[in-house]
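Asks: Here's the letter readout for the chains.
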Amino acid sequence: MLFQEAVMNSTFSLVPLVVFLPVLGILLNWLFGKRLGEKGIGSIASLAAGGSFVVSVLLAMALVQNHEGAHIPLFTWISVGNLDLSWVFRVDTLSVTMMLVVSGVGTLIHIYSIGYMHEDVRHQGDPNRFRRFFIFLNLFIAAMMILVSADNFLMLFVGWEGVGLCSYLLIGFWFEKGQGGLGNAKAAKKAFITNRIGDFGLLIAIFLIFWNFGTLNFAQVFEMVPAVAQTQPGVLMAITLFMLLGVTGKSAQIPLYVWLPDAMAGPTPVSALIHAATMVTAGVYLMVRTQVMYMEVPGAQQVVAWVGAITALFAGLIALGQFDIKKVLAYSTISQLGFMVAAVGLGAEVAAIFHLTTHAFFKALLFLSAGSVILGMEHGLEAGSHGQGIHHTNGSSHDDPQDMRNMGAIRKKMPITFIVYLIGALALAGIAPFAGFFSKDEILVAANQGNMPIFVVLVVAAFLTAFYMGRQVLMVFFGDARTDAAKQAKESSLLVTVPLMILALLSVLGGGLNFPGVHTLEHWLEQTLEIPHAAEFILPIALGSLAVALVAIFLSYLVYGRKPLASAKAADPLAKPLGVLFRWMNQKFMVDELYQAVVLTPYKKLADFFAHPVDQGVIDGLVNGMGSLTVSLAGVLRKLQTGFARTYALSIFVGIIAILVYLLTRI
Amino acid sequence: MEFGINPLVLMTFFPLVGVLVLVFLAPQQKNAMRWTALGTSLVTFAISLWVLFLFDPNKADNLLVQIPWFRLAGVPIQILMGVDGLSILMVLLTTFLTPIAILSTWKAVEEQVKGFMIFFLLLEVGMLGVFLALDLVLFYIFWEFTLIPMYFLIGVWGGKNRIYAAVKFFLFTMAGSVLMLLAILYLGLQAGSFSQPELVANRSLFASMQLLLFLAFAIAFAIKVPVFPLHTWLPDAHVEAPTAGSVILAGVLLKMGAYGFLRFNLPLFPQASVQAAPVVAVLAIIGILYGGAVAFAQKDIKKLVAYSSVAHLGFVMLGIFALNPQGLSGGILQMVNHGISTGALFLLVGMIYERRHTREMSEYGGLWKAMPIFGGISLVVVLSSVGLPGLNGFVGEFTILLGAFGSKIFGSPWFAGIATLGVILAAAYLLKMFEKTFLGPITKEENKSLKDLNLREIITMVPLLALIFWLGIYPQPFFNLINPAVERLVQLVQSAALVLH
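Going down the list, the protein sequences come from chains U and R. Sequential numbering of the first sequence, starting at 1, is according to this note's numbering. Sequential numbering of the second sequence, starting at 1001, is according to this note's numbering.
Within a straight-line C-alpha distance of at most 20 Å, the following computed EDC-like cross-link-like pairs (lysine to aspartate or glutamate) qualify: (1) R:Lys1299 / R:Glu1354; (2) R:Lys1369 / U:Asp126; (3) U:Lys186 / R:Glu1435; (4) U:Lys177 / R:Glu1363; (5) U:Lys177 / R:Glu1435; (6) R:Lys1303 / U:Asp620; (7) R:Lys1448 / U:Asp126.
If you are wondering where the hints come from, they were derived from the structure by calculation, not from laboratory data.
Please model the entire structure based on the sequences and the hints provided.
Replies: So, in structure tokens, the structure goes:
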């Protein structure tokens, strides 16, 4: 018995490895990568991520034996006055679930990237950047692991901004590309700064927590929540809402979601790993982690639920009007994150984590398959332009390998990609028995029992989800090939397709994690979380949501399937009937332009105003004037004013000496 | 001391040995001069490490040296020097940055190398003296003394407008110092001593005048920091100063101002400090936000970094005047952080200036591709200045803001809440700078063939990078040096605050 416990505890103390292994990967690739070549670099990075996954699995197995988990301290970080922070890792069912998702999906994406980046670095014309990509990818795993394994708010914040940095670096990975050569760099900057606005909120929340709870350690804070809620409900309200601001940044919710669509400028594996499966779910994780706080302030829960629900609907509408294959998925991600956030607001934390996990599977699958399609299209483009010299003007949308209007009939050229894509799309649309059906259903049930208006909004959003996925699949894979690139598209290599197949399998089976009646995930998480309402399977709702999805897909078939787009230049069939609404959806409701006009342009003008008229004019003039006044008042200097700078300086110095000498001689 | 010589005195005046050697070198022996200066500053650094080894954070007066010097109007003036938690890191920062700055001049300074190195070493003596002097007159002498070498470093080895900048630098500082001198003389004559510890003990003797005295010291120090609106000398001085001068100016000289508040204003005039705290905090916050906005509008990289200093030192001042342990310790650590990060930024600007002789951002773009090592190092330094967690800047900023948020002296979380907006502005102007210089395609032909950093340049940066990570991940050893002294200071000020209420 004692022996077993010792083994378990020593397993728990492995937890720092989930961070250290990726760091080791970074160091190895940084120091030796240049000599190792692509295979070596990719293997080291994948092994580092895979190592993290193995450790996570060991931790999970140890947790099965001992539900209590553990806190593993490393060393003191900041200790000043009553502030006492250490680097402490937390092993419990929630943190290990996140570790498994991050390192599991992460490892698959590492492997996929070996194949993808091999092509991409050549396509972009800088093969030397292969190594840098994997260093950044490992850095991301390390930061994300810090985020999910932190045992206090500030260590979480390190991971929180750390993943933001990786996002910045990877969105701007091809920093000399994009619109005007600066498009990617600008997208990266936008992501970082928008997230910083959210981080401002999180920081304020942390300050409030510290001064009202006297500590930043999770366990101690959570223990005191009921007491604080009694005495200072306003404080708890402020904490949860400021935290929500952070969540809207990281998890791309209204009003700070605007960075995520632009983030698609990053290489596709990055979109899959960071901007779909893992990083963007950090906000959901944070709220689930601090569940006890939200549970004490129903007002804040309401706000959270509405932010999530409206985001789900709004982003779903925009997704419907996009033509870029990745942009559709990006808005879909925002919408699905909205479902998760709404779930937290409804008090259905398990459903949120369940949907987070299944979404990680099928959205990673969709992005990576989209990447495979893009690779195929790029192949076709190159083959085409070499072959018959068809018109190939740079920058025209006609050869944009990501524009769905340029695709069509890809299923014939890329059969494996087609099948896995279809599985991902069905899972996302919520078709039984795929993963997304079960997890989304749990959220809908929670809404149905808790808040009818939100239930309605979410059902509409679910309808949109199925519709835009139907539209996408039909546009990309069916109909006739609308360009030469699509005609000559080529299936990707096994290095790319095998991870896709694994993810497809997970997207099929993922629903089993919390299968109705068994509820494995719920029983696993209830070791850590409070479960106010046990998950229920309500047949009418399940059938209803399935029906909604099927109707949506059928409708999308009527619009896009029966009569496919005739050519790459043809208008979307919905453009005419929807009129202005479609234009607005396509233009993303002009939110970027709004922010530009209301925030960015005024700030730039204000900064210029401060810099020139104010600083160089008024303030400098005023202080200079006062300076010369002082000088002219000092009689000694007045006489010595010769205009020579050195004489000036010297005279002042002499003046000081004179004063001292005068005082000395008075003795 | 069994060695017969106090290590503080040895350390402070050791650079004079180098000066002496330099005097005897022939004008054409430029490399010998450089090595002499570098060697001297490295030995000084080694002595400072010995001082650190002997240092006990719990003692208020480490390695005290006390020698009667002369009498001024009957009041004794002494060579009174000591080191405590407020000064130890400033001393180490000085001895650490000086050799790095000297190493950066290897190629940049070709004219009158001898004069340059002599002034540089003299400057080090002055700076160490400022941080160690506990006699007010001695402090004042060192304080003024630092002006002269810096004046010449800007005025002789500076850029186009160097004379204007040097004079402006000199006059601004002098204008403030004159008031401080009057205050020092008043204190000495009133209390019969110029010794800081004695004056602190007898502060009731001048308590009635303390608001005015506080102001006299505060103006001198505020100009140095610089506190808004007294900052306009700084961008001019930085733009014209040679790289090594900027590194020391930003890295150490500005800290003399903040240090002055810690050493003199708070302990000598605690009630006045408490009363002035909200005003200083408002100015600090204006500095953070205004400095951030003005930095955002700059087109010259060096000016941008200069204005970023206004913002960063706003954080330091906010922390100091929060007057609680987190604020003060964070403030002191942030002084070190700013010295490292901004020092490193100026070094990097200098490296690219040596290659292209321009600092206009529009002349660059895509440098990460042309100079990958330079790009990578710059990224780390920029992020450290942005305050990315895991790097040094964050630890200081966070501790300051946390302290200010709960400061009883401010009495409201709004101060820190608004100041926290500064972290957004910092990301905006620094990432804009990084984008304009390092990202995007290479648009200028001249930039395509730029040479990446050489070994000497990398060696200059490595110690700074190491500290950036060390202070970000494991700052506790540094806090351990500061905390006891801060605790004593907080107690002193808080008991004064009680008297006030």
